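First to last, the protein sequences are chains X and D.
Counted the way full-length UniProt numbering counts, the first sequence spans residues 1 to 465.
Counted the way full-length UniProt numbering counts, the second sequence spans residues 1 to 516.
You may find that some hints are simply not true.
[To be verified] Keeping only pairs whose Cα atoms sit at most 25 Å apart, straight-line, the calculated DSS-like set for lysine-lysine is: (1) X/K33 to X/K113; (2) X/K86 to D/K2; (3) X/K94 to D/K238.
[Unchecked claim] Covered stretches of chain D, going by a simulated chain X footprint (3 or more residues, C-beta under 8 Å): (4) 41–48; (5) 61–72; (6) 171–178; (7) 277–286.
Honestly, the hints are just simulated from the structure, not real lab data.
Since the model is a prediction, treat every value here as computed from it, not as a measurement.
Yeah, the Cβ is synthetic: ideal placement off N, Cα and C, and Gly gets one too.
The primary structure of each chain is shown beneath.
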Amino acid sequence: MSVKVYETLTVECETGNYHTFCPISCVSWLYQKIEDSFFLVVGTKTCGYFLQNALGVMIFAEPRYAMAELEEGDISAQLNDYEGLKRLCIRIKKDRDPSVIIWIGTCTTEIIKMDLEGMAPKLEWEIGIPILVARANGLDYAFTQGEDTVLAAMAHRCPEPELFVRERKLTIENYFAFHSIKKHELGEYANSPSLVLFGSLPSNVASQLNLELKRQSIKVSGWLPAQRYTDLPSLGDGVYVCGVNPFLSRTATTLIRRKKCELIGAPFPIGPDGTRAWIEKICPVFGVETQGLEEREERIWKSLKDYLDLVRGKSVFFMGDNLLEVSLARFLIRCGMIVHEIGIPYMDKRYQAAELLLLQDTCIKMCVPIPRIVEKPDNSNQIQRIRELQPDLAITGMAHANPLEARGISTKWSVEFTFAQIHGFANARDVLELVTRPLRRQKNLEDLGRTTLVIKKTSLKCPIL
Amino acid sequence: MKLAYWMYAGPAHIGTLRVASSFKNVHAIMHAPLGDDYFNVMRSMLERERDFTAASASIVDRHVLAHGSQERVVDNILRKDKEERPDLIILTPTCTSSILQEDLQNFVYRASIISDSNVIFADVDHYQVNEIQAADRTLEQVVRYYLDRLDRCYRQEKLDQFLTNAPSVNIIGIFTLGFHNQHDCRELRRLLRDLDIEINQIIPEGGSVEDLKNLPKAWFNLIPYREVGLMTAMYLNKEYGMPYISTAPMGAVDMAEWIRQIQKNVNTLTLSSSIKRVDYEHYIDGQTRFVSQAAWFSRSIDCQNLTGKETVVFGDATHAASITKILAREMGIRVSCSGTYCKHDAEWFKEQIQGFCDEILITDDHAEVGDMIAQMEPSAIFGTQMERHIGKRLDIPCGVISAPVHIQNFPLGYRPFLGYEGTNQIADLVYNSFALGMEDHLLDIFGGHDTKEVITKSLSTDTGLIWNPESRLELSKIPRFVREKVKINTEKLARQKGIETITVEVMYAAKEAFNS
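Sequences are here, hints too, so could you generate the full structure?
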């Protein structure tokens with residue numbers, strides 16, 4: 001298998017035989033983010049087993065999520081789905097009293113064509129709790145795209161901006177029409193349309209980004225999702241929206257098409273370069289000129305020096321499983337790393353357009369060829385390529401991490417990037433902390449030798465590595 | 001439809017994958033949507049497996065829903081055949097394929113004509129069986145597949161000349177992600193070497209499917225765990241007349257019983273040959289007295305202190321039953337309730353622990369187990385990871401004795417549960433659980449670790465409170481690690497009540513006040 005080098009940005013597509021988490025895993029971080037929610041995963045033992053094992057200790061902490069486990073009678077329609085769900089939701093209401101119940105549709109509900117979207121409004125009316133439906137199934141989506149389906153469903157529930165606000169603005173403008181200075185002062189606040197950011201981030205990271213925009217005197221009027229379901233932001237005609245994560249293309253589409261919002265296409269605020277580019281895309285929309293951004297970015301890069309020395313010239317291979325890959329690769333290239341391949345489950349070229357452009361620019365700036373982007377990768381082929389390329393670091397799922405380590409390839413478990421705080425200027429260090437950890441460990445153990453810890457098989461029977 | 005937060009046994013395909021990935025050079029292909037290959041993560045992380053797990057997925061996506069898998073499954077099988085050249089490929093259905101009802105058997109048939117590997121379709125239904133039952137079935141299916149190809153004339157009549165010369169056994173049911181299975185396997189090897197019995201084969205862990213045809217060469221079969229292997233043993237018994245021993249060699253009493261059964265089997269088969277009869281009684285005696293410390297532990301003062309203490313046991317059928325018997329019969333500990341989540345094996349379980357416990361609980365609902373424990377308030381629990389967490393919540397120590405387990409239950413050190421070394425490990429586990437409980441209890445008596453209301457040192461020394469000689473003496477008798485706490489509590493009470501001189505009475509009053 002030859003390793004190609006590209007001058008321009010191309011996306012190839014492989015077989016889609018790759019390892020990733022099931023998108024229902026999004027409940028693990030969303031139930032913590034949305035404090036008054038309850039997630040009900042309507043699926044089988046297989047889904048439950050995955051959640052139980054993937055989320056480990058969280059299971060024991062009385063989480064606000066549960067399985068509605070389908071049994072044989074549900075599959076063969078001997079039992080009434082509506083009655084079943086009603087019974088469970090009433091119990092959830094009694095035990096937990098959430099402000100919203102989110103049904104997560106799975107592969108099984110897709111195949112048996114359970115009409116969750118049809119049942120939800122009826123049951124919502126009957127029990128008096130909002131019920132959202134998100135089809136986060138493995139037939140259609142990968143890992144973080146689960147959050148995308150939930151947020152897209154949630155966008156529909158965001159209230160319309162209240163009309164009187166605009167009317168009042170008008171009257172104020174009229175009132176002060178004769179006084180130009182006052183009008184200008186007011187304009188900074190009242191005239192600017194509202195900005196809603198979408199993507200679930202830990203609350204302190206969200207406030208860091210809020211603060212970052214406030215420095216440029218831009219007010220963030222809300223987040224989708226908010227800390228509580230009852231605090232969903234107003235969305236509608238004239239509201240600007242901007243994504244903070246690369247996997248939110250359905251949410252973006254919903255916001256544009258259904259809620260008539262204006263999408264600000266920007267690279268994602270991952271790494272100091274990404275954060276700066278993100279702010280630079282937002283500011284002009286509100287007629288604001290950025291202030292001190294360049295110096296701020298410079299300062300952050302300086303503070304990363306010890307880590308940059310460690311990663312410079314090292315090579316990375318992204319096997320691809322969480323859609324953060326392009327943004328992370330772009331950041332790491334800017335850090336001086338060589339990226340061999342960017343595997344990614346799904347590539348929305350429109351939603352990620354600005355990010356892809358920044359990747360291209362970064363490659364030109366750093367004088368490196370643009371890495372190949374492989375959509376729907378094939379893990380088995382990728383492992384062959386890793387064997388040939390011998391990268392310094394493979395960013396991969398847990399299924400491959402230990403076997404690769406045993407073959408002398410340093411790995412970083414990709415899921416950690418999903419749970420770690422990686423957004424904004426302040427968290428750039430955390431990304432490098434993750435990336436350099438295997439490199440630092442390797443350095444610590446350098447003198448021990450024995451980096452390859454598998455029995456070499458000479459027979460043809462095991463061609464892998 | 002039922003509300004579930006947690007389950008004891010996984011879905012059926014996990015069982016099949018565990019069997020497939022235990023054998024050498026066997027590849028499993030799941031007919032499953034993206035993300036269902038979570039088994040690979042578990043094996044790679046929990047077992048810290050160095051090799052790539054030989055399981056992959058033939059992905060079910062929208063196209064498959066619309067047009068069926070068509071060539072995809074066959075192509076995937078053939079591709080694996082070419083890439084890895086496995087001896088056997090097992091096509092594994094999941095909950096998704098159970099509903100799609102595609103003719104997977106037909107795909108297998110088509111693929112097997114072209115591929116060099118053998119290809120079979122795992123005969124498990126997601127909605128009928130769980131992980132444990134599926135593993136049992138799949139193992140039997142694989143064994144049957146390879147043995148049914150043998151010439152019929154090998155069977156029955158020629159069995160005698162087919163047997164190994166020296167006494168030998170197969171160990172059936174050691175496999176990947178099993179609870180301490182690797183250590184148990186090593187312990188069984190050692191035991192059998194001591195007894196001068198050869199090991200013909202160990203399946204499925206590390207076994208080769210090509211060798212399965214030699215299974216009937218062994219004199220008899222050992223099934224250490226009831227959950228997986230029994231079906232295979234019964235099949236071999238029916239088709240080849242091979243006897244089997246399904247007692248779990250766990251605990252000193254059952255160990256002796258197990259060895260006696262081996263002795264009986266060996267002696268029955270040596271009747272016609274020139275090999276002399278065996279007598280293991282001397283061996284059992286020596287091991288029980290001196291190699292295993294468990295018998296001595298039962299007599300020691302440590303264990304005496306455990307007399308009559310109450311416990312609850314919960315786990316898979318094998319481990320829960322054995323541990324119940326060990327606690328009740330070998331350590332004189334009272335088992336208030338013993339239970340299992342192996343509902344399919346409830347009858348056997350009840351029969352085993354009859355007379356060793358007060359109550360029996362057969363359920364796979366962890367909430368029911370939790371309620372039962374909360375109600376019984378035992379001094380210690382022996383259960384799965386779930387019970388450990390229930391124990392944490394209720395402040396009751398727990399020893400983990402059965403799957404489902406976390407990564408800490410895959411220790412690097414040698415920790416068998418079976419055999420004579422196993423009795424030592426179990427004794428440690430039991431004693432440590434209780435000892436910890438006692439320590440906690442002592443702390444409680446003297447005021448506990450609770451430091452929510454912080455009182456600085458200066459406060460307690462500068463308050464002008466006077467300890468009279470008696471109370472000072474009393475204070476010095478209190479164990480050092482809780483003395484400060486008692487002092488602080490006493491002075492706190494004294495201040496509250498406006499007492500200036502602290503007497504022994506005040507100390508006791510404080511103990512009462514802060515205990516409730």
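Check: X/K33 and X/K113: Cα distance at most 25 Å?
Finding: violated (30 Å)
Item checked: Claimed coverage, the stretch 61–72 of chain D by chain X - three or more beta carbons nearer than 8 Å -> holds (count 3)
Item checked: Outcome, coverage hint (the stretch 41–48 of chain D, chain X; C-beta under 8 Å; three residues) -> With 5 residues close enough to chain X, the hint holds.
Check: Are there at least three residues in the stretch 171–178 of chain D whose beta carbon sits under 8 Å from a beta carbon of chain X?
Finding: violated (count 0)
Next item on the list: Assess, step by step, whether the Cα of X/K86 is no farther than 25 Å from the Cα of D/K2, and give holds or violated.
Entry: This hinted pair holds, its Cα atoms lying about 11 Å apart.
Margin query: If you count the residues of the stretch 277–286 of chain D with a beta-carbon closer than 8 Å to a beta-carbon of chain X, do you get 3 or more?
Written below: violated (count 0)
Notebook entry, point to check: Are X/K94 and D/K238 close enough, with their CA atoms no more than 25 Å apart?
Noted result: It is violated: about 54 Å lies between the C-alpha atoms, which goes past 25 Å.
Comparing the model with each numbered hint stated earlier shows that hints 1, 3, 6 and 7 do not hold.
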